[in-house]
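> Listed below are the residues making up each chain.
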Amino acid sequence: MNVLPIIFYFFAAVAIIAAFMVVTFKNPVHGVLSLVLAFFAMSGIWILLDAEFLALILVLVYVGAVMTLFLFVVMMLNIDWAGKREGFVRYLPFAAVIVLMMVAIIITVIGPKQFGLTHVPTPAVMPADYSNTVDLGSVLYTNYAYPFEVAGTILLAAIIAAIILSHHAPKNRKVQIISKQIDIKRDQFVRLVDLPSEKKNPAANGGQP
Amino acid sequence: MTNFTMPLFSVAVPEIFVLCMACIVLLVDVFVKERFRWVTYALVQLTLVIGFLLTLQQYHDYPQPIVTFSGHYVLDKLAVLTKLFIFVVSFFAFIYANLYIKERRMSRGDYYILGLFAVLGMQVMASAYSFLTIFLGLELSTLPLYAMVAMQKDSRVAIEASMKYFVMGALASGLLLYGISIVYGATGSFEIFGMAGLLQNASSTQQAALLLALVFILAGIIFKFGAVPFHMWVPDVYTGAPTTVTLFIASAPKIAAFAITMRILVEAFPALTSHWQHALIAVSILSMFGGNLLAIAQTNIKRMLAYSSIAHIGYTFLGILAGPVDPQGYSAAMFYIVTYVIVAAGAFAIISILSTHNIELDQLDDYRGLNARSPWLAFMMLLLMFSMAGVPPTVGFFAKLGLLEALVAAHYVWLAALALLFAIVGAYYYLRVVMLMYFEEPKSNLVGTHISVTPSLMAAISINGVAALILGLLPSGLIDLCRISVS
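Heads up: the sequence lines are chains X and R, in that order. Take 64 as the starting number for the first sequence in my numbering and just add one per residue. Take 430 as the starting number for the second sequence in my numbering and just add one per residue.
It is worth saying that the hints were derived from the structure and are not from the lab. Beta carbons: idealized from backbone N, C-alpha and C, even for Gly. Hints are supplied without guarantee of correctness; some may be wrong.
Said to hold, decoys possible - FRET-style restraints, in silico, Cβ to Cβ:
1. X:T171 / R:D583: 47 to 53 Å
2. X:V197 / R:L475: 23 to 29 Å
3. R:M887 / X:K89: 55 to 61 Å
4. X:T171 / R:G603: 18 to 24 Å
5. R:I453 / X:K89: 31 to 37 Å
What the hints assert, rightly or not - Which bits of chain X does chain R cover? Going by a derived footprint, with three or more residues having C-beta under 8 Å, they are:
6. 75-89
7. 129-137
8. 202-208
9. 212-222
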């Protein structure tokens, strides 16, 4: 009996349930942990697809580094998430209808009819000394060199953006900007207003001795 | 490793140059003293000028389209001209930004550096010839924009706008990426070259998957353009962002987005033409309707222009959907988006010029009696508003005329009539600004206040405003360029 389908369905079910739990858990720490579980399940599926290198990278980079950092941040922020879930019930019917429609369309279109084993056969079995790391590297730095470089540039831009947003210049510095002081025109600050002068009432004055 | 040919690096010289300069300027900006901060600005502008010249050289050097970097990069007339427009518009956007951000002490040189990365992303988009590079270019061009919106750290509105822009943008990228993944699953390729042929021979089940992919990809594109029904972010971001950033968001990225729309819909998906035509008809009618009608209700001029941009994107889509029947539609759409971008940049620039001394003059009431305070600026604003409304002899008239001609030639007479109707509705709120400027008294607290404009800023806004008039009087040159670029 072929065990591969069983393993596949196991990982797929875990991935879907975990992904669902990411958005339904009240406690964000639990949410992050379910995301970790979803990544683990996905890497299991990738191994079934003979993409061992990518599966291991997923575990090492995402689970090992990114999600750990993420968990730190979520724990440190300590946000009250319960209050942020207001309106969940109110929007639920509307959201449910849309989600059901989307899921129905996606299932009818992307089913075995379209992406079944006849259309997308399982990858051929490779010899024992085959390394998909070598294969990946050889296309990444030749045919995909241009997208690879652009992706690197995106990361550079992201780093710069993050630094700019988190870096605070000293605020409220008591600095004189001499050019600004000299540039000042009277018109900017002083406005001459014609006030009607109060007329002295001679009659009222005259009444008094 | 089997079929790898060395890419023609000389074709990508403008991108390589801009990337190198961005890294150099980054380092210069770190070490330069506060007094010499203008060096960063000057270097960035120099980069744009040289980039423009390099691209112009390519226009003459490569008359035939060239596909290189293993099918990820294309250099044709559309790519070259899009890049030229992007360089010019960004150059002006940075001139306008110079004083505005200096007054608000928003940043050191980082504003320009992020802007330069965004320009690089738009170049990548213009030359993208596979779904992978289209996506990467889109990310590279929008990522710096998110940060630029939030640069004014003491402004809560700006940070809220940035958050909205970021979350919505990420969602749009997700939609686009999902569509691309379905295309890849159905065809096994994401190069645009040859995609049309693959789709022509697609089986009926494959067609269904491709339709779903088309829906997601279209959603992503419409999101980035900011048209109904994915327009929710536009008014908030345009209003909340610092005015010069709004100017930048409203200008160059639209041209780049037009380029990728042409690549995806026209070059990759000709097999699904009737489907995306129908979708675009709905989108354009809704955008013209929603944009023009909601703009009337606004009291904030930035918000008004945001809704007006939604309407203008609707008009642009009209040209694209007329294109398959009458190729003139594509050039009309290109002409429309380019002239709109010029005009919108000018209008936002005037808002930023008037917003001196850290006060944002973005209420319509602030424009009462502008003529009395600064006749020249008021006249420039008049030209720009006339152009947006489509009043002859400004360029907006010819842009709308070209679109309507193409629509009629493509047998969409009812759509042309509808577009005309919405244009009349739109004319109301553009002309209202003109009326406020010329026939009303200034607000009492603004009477006699001094409007100081630096010479470079004055020159830029004058060129911009007069361009709206000159291009309207002599439109043939730009029309020819647009025709060449999409042929």
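> Take the hints in turn and mark each one as holding or not.
Taking the hints in turn, this is what the structure says about them:
no. : hint                        : verdict
1   : X:T171 / R:D583: 47 to 53 Å : 51 Å, holds
2   : X:V197 / R:L475: 23 to 29 Å : 43 Å, violated
3   : R:M887 / X:K89: 55 to 61 Å  : 58 Å, holds
4   : X:T171 / R:G603: 18 to 24 Å : 21 Å, holds
5   : R:I453 / X:K89: 31 to 37 Å  : 50 Å, violated
6   : 75-89                       : violated (count 0)
7   : 129-137                     : violated (count 0)
8   : 202-208                     : holds (count 5)
9   : 212-222                     : holds (count 7)
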